[in-house]
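Dock chain A against the given chain G, drawing on the hints supplied.
Each protein sequence line maps, in turn, to chains G and A.
The opening position of the first sequence corresponds to residue 163 in this note's numbering, with each subsequent residue numbered one higher.
The opening position of the second sequence corresponds to residue 325 in this note's numbering, with each subsequent residue numbered one higher.
Some hints could be false.
[Said to hold, decoys possible] Label-pair distances were calculated between CB atoms; the ranges are: (1) 486/G <-> 740/A: 19 to 29 angstroms; (2) 408/G <-> 1005/A: 40 to 50 angstroms; (3) 755/A <-> 486/G: 45 to 55 angstroms; (4) 1102/A <-> 616/G: 50 to 60 angstroms; (5) 992/A <-> 420/G: 16 to 26 angstroms; (6) 1005/A <-> 392/G: 48 to 58 angstroms; (7) 420/G <-> 793/A: 33 to 43 angstroms; (8) 1262/A <-> 360/G: 50 to 60 angstroms; (9) 436/G <-> 768/A: 51 to 61 angstroms; (10) 1102/A <-> 420/G: 21 to 31 angstroms; (11) 420/G <-> 1238/A: 34 to 44 angstroms.
Hints are computed from structural coordinates only; laboratory data are not their basis.
Remember, it's a predicted structure, so these values are computed and weren't measured experimentally.
Every residue, glycine too, gets a C-beta built ideally from N, C-alpha and C.
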Amino acid sequence: MHRTSKIFVYLFGGLLTLGSQTSCKKGWLDVNYNPRDLTDNSATPDLILAGQLENCIANRQARFAMQWMGYWCHYQGPMGIDVQTYYHIDAHPNSALFSATPAPEIFYLEQKSRQLGETFYEGIAKVLRAYQWARCVDVVNNMPYTDAYDAKVLQPRYDDGKAIYEDLIRQLDSAMTMIRNADVNKNNKLSVSDIMFHGDKLKWQRFINTLKLRLLVHQANRPDRAAYIATAIQTIKDEGSGFLGSGEDASVNPGYSIQKKLSWYFGHYSNNNQWGGGDYDAETQVQSNQVSHANVVAMNFLKADHDPRLGLFYDSVQSPLPPSAPEPFAQPNPQEFRGSIFGKFVDYINYPYQESFNLSCIGGGSKNNDVVSPFAQGLIKGRDMSDWVMTSVESFFLQAEAIQRGWLPGDPEQAYLAAVKESFRWLNAGGNSTMPALSDAVFDTWYASESANTNVSWAAAPDKYKLLMYQKYMAFNGIEPLETWTDYRRNGRYPDLPASADPARVGNTIPNRLEYDANEYLVNAEHVNAQGKIDVFTGKIWWMP
Amino acid sequence: MELTALCAPLNGRLTKTLLIMNLTAILVTAACLTAGARGYSQQVTLNEKNAPLQKIFREIHRQTGYEFFYNDDLLQQAGKVTVQIKNAPLEEVLNLCFKDQPFHFTIQNKTILVNTATFDQPMNFPLSILPPIDVTGRIVNEKGEGVVATITVKSSGLAISSDGNGVFTLKGVDKDAVLLITGVSIETQEWKVKGRTNAVINVKTKSISNDPVVITAYGIEKRTKELGYSVAKVSGEEINRANTGNLLTGLIGKVSGVNITTQSSDMTPQMRILIRGIRSFGQNSNNQPLFIFNGSPLSFGADQAAAQLAMDFLNNINPADIEDVTILKGANGTAIYGPEGVNGVIIITTKKGAKGKPVVNFRTNNSFQIVDFRRENRQRLFGTGTGLDQYGNRSVYSWGPRYDGSMVPIGYPDGNGVTQMVPYKDTKEAHKFFDMARANRNNLSFSQSDNTSSFYLGLGYLSQTGLLPGDKQNQASVLFNASKIFGKINIQLNVNYARTNDDRGPDLQGDIKNLPTFIPITKYKDYVNDHWSQPSNYWNGISPYEKLGDNRTKANTSALIANIAFNIKPFSWLTIREQPGINYAGYYSKNTIAPIDYAPYAASDPNKIYDQFASVAETMTSNTSLNNDLLVSTIHPIGNFLLRTNFGNTIRQNFIKELKAGSSVVVPVYNLAFALYPPNFDESDILSRTYSFFGNTLLGYKDRVFLELTGRNEWDSKQAVSARGKTFYYGANMSMVLPDVFHSLKDLKWLTTARLRASIARSANMNISPYQSERRLGLNDPYPIINYSTGQYLLSYSFYPDNPNPLLQPEKVISQEYGGNFSFLNNRVIFDVAYYYQRNNSVILNVANAWLSGYPSIDNAGDFQNHGWEFDLNLAPLVKFPHNMSISLQGKLAINDNKVLALTPVYKGLFPVLDPSGQRYYARTGHSAFEFNVRDWKRDPQGRVIVDRVTGMPIPQGYNEVNLQGKLLPKYLASFSLNFTWKHLSMNVQADYSGGYNHLFDPWGAFYTGTHPLTTLNNREKYVFPNSVYDDGSGKLVENKDVVVSNAGQQLYQLFGQANIHGLTNAAFWKIREFSIQYDWQLKSGWIKGVSVSVYGRDLFSFYPKSNINGDPGFIKGPGTRTFDAPANNLSGGSSEVSALPGTVLMGFTTSLTF
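So here's chain G without its partners, still in its complex pose (with noise of 0.2 angstroms):
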């Protein structure tokens, strides 16, 4: 070769050489990842259990429910969506409705948090599991559950309402051993992400039980289930903690404030917000507090038993109803409280009276708090709320059943009262929630004054169970829908509620259940038409009698 030749071979060698060394070097090629995320590898039980603990504030999904259940409605509502006319109410994973989805990352921080040998995290876990998946098998029924979220299964089985919530309820019981026993100081950083408890065991404890009660009584009203809910309950009684007491709500709070994160109910349905937060359906073209109004079905209950309620779950109107102005129905006194009717279009050019602020809206006393004060009233407390998971007014009601069912002891009379007064006290119908005695004041002077009504009077009701049945609807108002729907369902539509009144409603009662998934019906179709057709309005849930 030429020696000119040879130069420009090493040169040529030279610049491969060095395109090479940059693109081989070790590690180049390894950019494939966020800096600002985290990978299933990197992820830690405390950077994952405050949204999981977001996930089960109550009232997430149940929207739907608060309209069925004739609580709220839309002041105005639109014509023919699915929600009001009953069509094609399915469970999928995007739904306005409910979606029945609960999150994967349950499994995933249970798993995680057995690795790292965080307990206390992984009892978390097991309860989060219990609580998102009752609600989805108490809207669906049969869903997969031990296939799910399994990465080598690609069409998972379903699995039998009844034995998942037989699961779940050893799931909390196993829960309940590892928070027992847990060391807090092994679970890293517990009393910050823990936005429910903040570590405290014994409230977790409490939390469990009443968990477990709700589970229990959902099934109460099938007598094969008698002696699995006594062995049940037997271990409620030997484990001794108890359930929620009074004024201790199972609530979440990550640190909201003006600045930076409003309440999530807060932000969803007041109707004297400004600041963002709510959701608006792109599909219906219903955002969150439009909903949030007065339903004349509850109302009127309200109304007809006087009671004092009636100003903490709604707001008076902002603006009242001129003189002989017409009007699409009658609205019983007093006028300054006005709902609307689930489906029923009001025509506004006639009826020029029905806009967002002739309506009553939600919330009561308390509209514009910044921060949640001891005189704040009613549903809405303020833009800082604490969003619950299960109230202490629930507590109540769920003891109440049971004692008046026998399962645990006590004055099934005293136990309906204290329930219903833990719901004035809820409300803060005293005007100062630290001294519970003036709602109590509230509740004794109503209570004394409606002594014939068979709705409010134990003394009156001819039966007692309806009667609790039926004030524990009341209590539930804007703040446990779902749980008013399982008690409907399972009382036997109980009490009695219409119907949504849109024309073109394809059934005339409220459904017992949502559709599957449509997507199912392709991409899962063999497991799912295992499950039989699906009818809402006449197809069950495994713990209705």
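Just chain A now, kept in the frame of chain G:
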């Protein structure tokens, strides 16, 4: 496998040494193979002393590729040659070499025939009684310049060559002889002597499209005959002929099999380009070709988001600077590019300085675009009213009574209790709402080049206004190309920079489209002063003029594409090209919305209770792509064989950075410091890298049969570590020149040439977006939350929705292509045909998993074929008239169809995908992708509509019911272009056709608001729904003869809107796409050398099937920015939003001056 060894981890010195040894091995191998430089040129450099003629021939062949044909015995007589010449034209060199030889040469089609020199020998004409004459002449081209050509006497075969001035002398020629003038750059021509001794023979320069050299992948130049696959070339002139906007607009209809759609009517419209349909049908698959700009990739990565960036970037290239565009249509031509080139490659080459004196060119272009309201269809009989058939002056709906010309109130009362009154009659005011969009583009270019350097500077300035009142934009661009030869190194610099400023208003959605026609909309322009236009008094919400005025998005983009190429040619057989480049696009935008304070009385309108806060939103994006290509080319002739090899590597890095923030502000100071709430913000960056090694070899036999083999291996950061580097792509193609193989074909006078080609390639589609190889968790909004009293912070993460798949592989695409190119009657008729078949057996699909399944939600889960035919017919001239008048015709037809062959069993043959607007489509096994999922009426088995027994109302199918109809991509694309020239005047008409597909217009808004023409069915009187049945109560369906619909207003027609089958339309069209008249004036003296004036029109006439009442099926959105960005999506184009306009028409004129 040296290539693999190269990429082994380099630990320490030993490996390095090994590496160098390996490299040396490669080089030695390369040296043995010895192949090609940067293709052939006709420039020859010789430095020989007393060399045998054969050696000279060999050298010339090496440098030019020209073949010599001679008789060995003959060459015995040859003398030795001494020649020293540099970069001289071939003819000149040959003349020099043959000067003292007893031979002469003839050049025919890259072949040099060497014969005995007979011209100075006494001629023998036994048959002729006429004495021979001497002919002296000059060969000149249309510019009057002398041309080197070969002059052959047809009867005797005697031939000589003209000199550099075109002058020749031919001795002893028969008076009636016919001379044949041939040459490399001219069209072959005959000239009858007819006794003349002095001749000026005018010849025609061959047009560029016949130039046998084309640029292929990696800038490798190839002769057409060597190509085993389809390549098309379009000149810049053709692109600019009737085009104001971007490059792609100018390519519409110019290349068969290339489907370009203008999807919006913005100032810089959204474009879509597909070459030979699609190869992948995943929702997020990228089917867009790769763009190469002056040798380096105009690419920001291989995924769909990056493809969109490249598409946006094209707007920064001034079409006036484009010399030509070469389109490599399929994976076959681009196999060497690997996954980047699987969808075809579009090579954009900008102008370079032409040899000779400096040239200054000034070009100015003005154009005017209007909305084509000829295509608008809406009801014009009814005005405002509500859905309950009741008159209401406040509703935006057209459900009121029939127009009667009376004065009617609209809207709410003002502060004085007065309600606005307007005449209740149809007007076409809304047509005047949109402006005429104007564009003015000025270009100035300076260029020059000589033997060792070239220089081109193009300056451009565009200023334009949009259809939407208030929209404006300007762009300044600079293109700089320069090259210089330093001995054996040629350095080339290409830089293009553009800066664009624009100011746009929001998309008005249905505000104008569904406005009741009696509203005198243009009267509400002055929303500041005019009483009824002010926000508190405007009859319905905020006037569209105020919406445009209050909501402005101002943006500027700086875009740079630059590369520098070093061409090193150490030996005549070896060329090394090293080309680093950068693409940068920096985008900054600011959206501001002005506050509106409503007067207290306006609160009677529920929409005007709350004031509107001012707000601001900021976006900054920077996209930087670095690339480096290294290419080593060798060329070596071995006997009858010619061997060319190329090998090299590429390195790419793409980095996308985005920062967004926005908030309402307390006062209209549009700065986040005045934020009302804590600002929302988002920051993201994506980095991806790839490198690859590739090589190819072309083997030619006697310049008539060619075989090329290609291979490439790729390492991509987007793949999981375990899956990387296992993707080897390869291809083979061959080409055959028929007359050279079958000599009998040469006897066919009408056949000029015929070539056959065939190729097969296994490439891939890297439809893998970054971060798909492991499960990720993202920070939840609004975490972190800090407790300022304790100092503790709280974080919360959750999974991104999709389940990852670390085993995901690029989609393997196997492409085959067969074709032929035939030219007849001296290239007057050229016919090209191609058939291709592409198969992708691992389509990456975003698998819609079963409920609660943890299975990977992305997978190689489909099998797909795409195939088609392309026919090109070029008749030039079609007809030739005297006085240089001629008409030529080009016709193109492409047929494309695809078929889903298989899907993961879970789908049971039906794969759903959503377009950005949420419309659902399906890819169905055994059918073409995609089909529309439309909602029809519920029907009985005979197809009759089932209505309600009581109300008589039809029932739309449910949202989730699957009803597949139509086809998304056109099956037929055709275009005809007619070109008429007469002296300096030329006229072009281009028409194109698309057919065999459908488009889904959005009929919902028009039905709901009552503006759809169908809503006047039966004059809005109740009627029995045609062809309907009802359930008589027993489950039996009986024919409906008497149950009329209970409502013939909104209640009924909103059901029509739900049954969106009313929007599904046959999307076929014929368009008179381009029309232009141009006059070119070449001036021989004076300081202006040339003047050219042209007038043109675009989309002048469109013809749609009767069923299409909406107009242009290409438009998917109207003008104006949107608050949300639709993600890039494979399906965009299938359906349009409510704001899409019915069509546009553009007219323009261009003046160009050359100095």
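- Quick one: which hint numbers does this structure break? Sort them smallest to largest. Every hint satisfied by this model.
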